[in-house]
Amino acid sequence: MARKRRRGLKGRVVVERVPLEDTPVAPSRQNRIFFTILVLGVLALSFLVFEPFLVSVLTGFLLAYLSYPIYRFFRAVLRFRSVAALVSLLFIILIVIVPFAALTVALVDDATDFAGELRTADPPPFVIDALDFYAKTNVEDPDNATQVQAEKERFLGDLLQQGADFLVGIVPELITLIGDFLLGAFIVFFIMYYAFVDGAGIVRGLKYTLPLPPHQTRFLLHETGNAIDAIFVGQLFSALLQGFLGGVGFWLFGIPNYIFWGAIMSILSLFPVIGAFLVWGPAGAWLIATGDATDGVLLLVWGAVLVSNVDNIAKPILIGDRADIHPIAVLIGVLGGLVVFGPIGFVLGPLILGVLTAVLKVWNEEYHDATGWVYPTRTPVPEEKEPPERPPPT
Numbered sequence: 000m001a002r003k004r005r006r007g008l009k010g011r012v013v014v015e016r017v018p019l020e021d022t023p024v025a026p027s028r029q030n031r032i033f034f035t036i037l038v039l040g041v042l043a044l045s046f047l048v049f050e051p052f053l054v055s056v057l058t059g060f061l062l063a064y065l066s067y068p069i070y071r072f073f074r075a076v077l078r079f080r081s082v083a084a085l086v087s088l089l090f091i092i093l094i095v096i097v098p099f100a101a102l103t104v105a106l107v108d109d110a111t112d113f114a115g116e117l118r119t120a121d122p123p124p125f126v127i128d129a130l131d132f133y134a135k136t137n138v139e140d141p142d143n144a145t146q147v148q149a150e151k152e153r154f155l156g157d158l159l160q161q162g163a164d165f166l167v168g169i170v171p172e173l174i175t176l177i178g179d180f181l182l183g184a185f186i187v188f189f190i191m192y193y194a195f196v197d198g199a200g201i202v203r204g205l206k207y208t209l210p211l212p213p214h215q216t217r218f219l220l221h222e223t224g225n226a227i228d229a230i231f232v233g234q235l236f237s238a239l240l241q242g243f244l245g246g247v248g249f250w251l252f253g254i255p256n257y258i259f260w261g262a263i264m265s266i267l268s269l270f271p272v273i274g275a276f277l278v279w280g281p282a283g284a285w286l287i288a289t290g291d292a293t294d295g296v297l298l299l300v301w302g303a304v305l306v307s308n309v310d311n312i313a314k315p316i317l318i319g320d321r322a323d324i325h326p327i328a329v330l331i332g333v334l335g336g337l338v339v340f341g342p343i344g345f346v347l348g349p350l351i352l353g354v355l356t357a358v359l360k361v362w363n364e365e366y367h368d369a370t371g372w373v374y375p376t377r378t379p380v381p382e383e384k385e386p387p388e389r390p391p392p393t
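For the sequence shown, the tail end lands on 393 under numbering that gives the first Met the number 0, and the numbers increase by one without skipping.
Just so you know, the hints here were simulated from the structure itself, not pulled from any lab data.
Misleading hints may appear alongside valid ones.
Unchecked claim - Using C-beta positions, here's what the derived DEER-type ranges look like:
| no. | residue 1 | residue 2 | range |
| --- | --- | --- | --- |
| 1 | G162 | T289 | 15 to 23 Å |
| 2 | Q215 | F49 | 25 to 33 Å |
| 3 | V296 | D197 | 29 to 37 Å |
Even glycine gets a Cβ: it sits at the ideal position worked out from N, Cα and C.
Please work from the sequences and hints to get the whole structure.
Take a look at the structure:
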């Protein structure tokens, strides 16, 4: 600031501060170091503030992105953004959350009933016959039929008891999560509301904040969206569809606890090749072995024709020609996410790997001369023109 003297009232001398011209000044090394430390410190403190609710915040933004077409529909028919956002949230709660909560309650009841059946169920005859070799190697007299039979039944009973105890043990843990779930749900819906209302501004701010050239920022956001669509709309929705069809097949052909087994098939569907077959295959064989050959064969046909092939039909319809994520990435994302983040890791794990996929694709597009197995195509990058040669000095 510069100082300027002038005559005020009654001839007094008044000193005014006049701003200097806005001339750019290169920051010194001390300025850069101080500002870097300040930014890192503020980021660390901000992370500590957000860390207890980080999963809920990320989930809110993810669900807002996936359900943004619903908000766009209501925004076209309603005048105010806030009203459209509230109506969108109510629609999502009624259409998605309420049925999902009812399904969760039914799943817990089914798991509890299945655990009770495991405690009292008699082992199928073919299972006991399969344990014959194991039992004969663990008794003193392999030729004694009584000892062999007792050893087989003891081993199988212990195995069933351990499975039942495990299922019963996780039920109280699920109940204790209700309070945390309600708080997390409030944060998720709060984030979704403001993501709907201010979504465009948030995206503009993100583009402005990322220290990347504009074309890289646009490409990164575009590929991240494609990866999210491929994971959640393609892989996970196909897995849920396989579990649903598998559960319907169990219900049609008389397998009890079909909701529980449908949920298991949804999870196993993330495994390539075998997937849900690990459930409906043995179930069909069990029906045949217990004398219900017709239902057993029909269940095997149902699983082979519908359950195993529905993803080949659903994925092209759901994600079209958008980027597809390898099933290994989805599987590792789900399992690793469950270990790191808990139940919500089923969603966040694949999301993180989806963002990683987008980042790697940007890297391959911009800095590499070759692409990996995940990316079969390249976006053309304009070639740089060489500067014209200078004329020789005269």
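Going through the hints against the structure:
1. G162 to T289: 15 to 23 Å: holds, 19 Å
2. Q215 to F49: 25 to 33 Å: holds, 26 Å
3. V296 to D197: 29 to 37 Å: Violated, at about 57 Å.
Checked against the numbered hints listed earlier, the structure breaks hint 3 alone; every other hint is satisfied.
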